[in-house]
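S.K.: From first to last, the protein sequence lines are chains D and V.
Counting from 52, one number per residue, gives the positions in the first sequence under my numbering.
Counting from 52, one number per residue, gives the positions in the second sequence under my numbering.
Everything labelled a hint here was simulated from the structure, so no lab data went into it.
Computed from a prediction, not measured in an experiment: that's the story for all the values here.
Be aware that a few hints might be false.
[Unchecked claim] In silico DMTMM-like cross-links for lysine to aspartate or glutamate, where the CA-CA straight-line distance does not exceed 25 Å:
#1 K445(V) <-> D132(D)
#2 K445(V) <-> D169(D)
#3 K371(V) <-> D271(V)
2 protein chains.
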Amino acid sequence: MFIPAIKHTLQGALSVALLMVSSASFVQAADEKRNVILIIGDGMDDQQITIARNYLKGANGRLLLDAMALRSTSHILTVEDAVSSSPVYVADSANSATSMATGQITSIGRIATSAGEDKDIITIAELAKAAGFSTGVVSSASVTDATPASFIAHVISRDCENPTRMSVAGDNPSWVNAELCKTDRVDNGGAGSIAQQIALGSTDVVLGGGMKHFQPRGADSDKTLLKMAQDNGYQLVTNAAELMSNKSSGKLLGLFSEHTMPTRLRGEDGRIAERPLPSLLYNISSDLGSVVLPESMRCEENPDYAGMTSIKQMTDAAIKHLSTKADRGFFLMVESASIDKASHKRNACGSIGELAQLEEALASAQKFAADHPNTLILVTADHGQAAQLIPNPKAGQAFYTPGHIARITTPEGQIMAINYATTEAHSEKHTGTNVPLFANIEGQGRVPSMVTQPEIFNIMSAYLGLIP
Amino acid sequence: MFIPAIKHTLQGALSVALLMVSSASFVQAADEKRNVILIIGDGMDDQQITIARNYLKGANGRLLLDAMALRSTSHILTVEDAVSSSPVYVADSANSATSMATGQITSIGRIATSAGEDKDIITIAELAKAAGFSTGVVSSASVTDATPASFIAHVISRDCENPTRMSVAGDNPSWVNAELCKTDRVDNGGAGSIAQQIALGSTDVVLGGGMKHFQPRGADSDKTLLKMAQDNGYQLVTNAAELMSNKSSGKLLGLFSEHTMPTRLRGEDGRIAERPLPSLLYNISSDLGSVVLPESMRCEENPDYAGMTSIKQMTDAAIKHLSTKADRGFFLMVESASIDKASHKRNACGSIGELAQLEEALASAQKFAADHPNTLILVTADHGQAAQLIPNPKAGQAFYTPGHIARITTPEGQIMAINYATTEAHSEKHTGTNVPLFANIEGQGRVPSMVTQPEIFNIMSAYLGLIP
């Protein structure tokens, strides 16, 4: 399938999308609604799933994921920005979400723009919207974060989240490369930051964290992005009560935390993985000294999570809103973001709690699909993460990780040892492993035993009849 | 399904197997042959598969594995030996092969014996043999190693490979716990070492490494185990030419190397993963110094592999031998052992070459199944391994692994960085991740989207009509 890439203008992209769609012969009858719910567990590779299963269900237990009708695997591809034919073997959330959202491979950090040429690439949410579907994104990260952004915005770099981050004079974290955002600035003829594109966009439901990205004034405007969003027809909700009681049938913007939402679980007393401590004598000979491993710990409720809107609540609200409103059906992307973010921080319990939230969102999707069988549910990850389930050393066994280890006491009373050892730096690294892809029964005959990430776009687009 | 466990005697176990099978109502018609080919990539988790795919086929390539009709996942279970209800989250090849061979969970190190009680557990090879199928095992490890042994022998510990290893006075490697083998010694009423059980056994085809385990004299015998095997009807072959030209229809024992067969590939000049070297100044501040990463390298032919019999040659010979001979069909287990063994040694190229060999064996199995459609092919791993595909640091990026890294230049000219960081000890550790399970089209309706390892036994047994 050919998807045209158009420089910079979302409007231009949408015009072409409308053109494409109006000329398409749809697969399904016009009066038969079809829905796609794509659930992305950020960093949710098989290590993360196994760790979460052992903790949440026990070694003999099953997750909802495990009972899905189909299991496939997704191969992750990214490329050098300068030489788009040169593969890079480990991806990030921006390029990998872009692949799923657009069907095209791009380079690391890009949000629905092409490697090298920097052209906007139409996303499935835009195609679906233009074809008469409702669309939504839900995330436990900021709604401007790489995964949700790749479905509803187009910028050269995930760093360009809000107007301040696009300004070299802005008060930004050291890792933000504002210079890179120049090409997307409004005063350069671009569509502005991710937050600005969301505020001025047409996505029906946008729910997640990231309030702080909507508080700056819009580029070329004396209004905040929040106000711009409201002027553009968005109803704003900021907590679970408002979300659940919202009766508006118009566009809905829910921002429930300043940035990433806190994880539901954390390590005992906030502990994360720690370094084993070999004694000085041990460094001379393993016969002379010993290694002190971090104490085992349980996972506990994260006090920062108290009162937070859950991924399930957001998913329920999004499904309700989209399903009552749509004429042809809907496309919804739900991201459980902190499987990855907690793993970067070596916070095993954080990842486990976030995967538990993904399971709840999946249950909501399955409940809807039970009543609406023309609903394709896909669950996948965007890339692998650092965490490894390794043997828990027994008394007298001296081996130990060169990295950090979390020794989690599971509810069944055994110790699960989780290793983080991809880097000496502050933040653990992604891995390049294939990741799981699950589908409900609607995936039968549509999801082969292996896909690449762009093929996920193809499967979803074909299901909604968006492919001419 | 209930499989009785019988203390110590293979003879006893087989009698019960015969009893069970003779009273069973077989699923298939008696005149319709059925075959199972189980291919086990030892340690072949998704990291290993992705790494091998990138190297062997390129980032956009596909392995034969990827094109198999069905992809499922296998959850690995093991238990404490003392408290068999207590799960242990990371397994070894002995207990996991036992689960697949017998349908029962056991503790680490055990070969087809039960946790705690130490009772022999009937294997699928024994059940199949008793029911009139031919049986074979092929491995690139010693045929006495944990994976093949678990299908055709019963001992308390994988260490009990040969009569010397069962003797506390034996000249044994330091890691061998001969004391533990006491219960299986012939002079204690046991069936003796793994090699002795193979020599005196009835498996039709046994091919692999491990000649050295058959050179000692048998327990209670003045003959070597090799001689005992020949007296028991085994034709002995020791190189590929003998294997290919063998016309005997009797039992076949092929021993092609002293112990584990060498891997086909190795790192350039024999290099394996190495430690990054931060400068002294870097240890004070990452702004002051730098980190020297190991030079990138290609994989090259391993000179030790020259003249070695390949897994494909062994598989072809086994299939030919079993398929011409059987009355009801055959059960064949093929192990590609050194995906794991090379990963223990941080030898990424070794694992890649071994996975290439697994692909060739799969091609042989598929070729046979194309002409013999009543052939179920399953491919899986026994457990995860240490290797992780991580980002290759670019110029100026300072992050580096606390462990060892191999930076492999792929045929497509990019660098693939493979991290080994589960331990400071000599040998990298297994991981507890779920592993892939692939099936050919015969798996349709038989292999669900997730299994536990004992369920692999159930699937194979049901296919062969061995389950009453």
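S.K.: Against each hint, give a clear statement of whether it holds in the structure.
M.R.: We went through each hint and held it up to the structure:
{"no.": "1", "hint": "K445(V) <-> D132(D)", "in the structure": "13 Å, holds"}
{"no.": "2", "hint": "K445(V) <-> D169(D)", "in the structure": "22 Å, holds"}
{"no.": "3", "hint": "K371(V) <-> D271(V)", "in the structure": "35 Å, violated"}
Figure legend: structure checked against the earlier numbered hints; the only hint not met is number 3.
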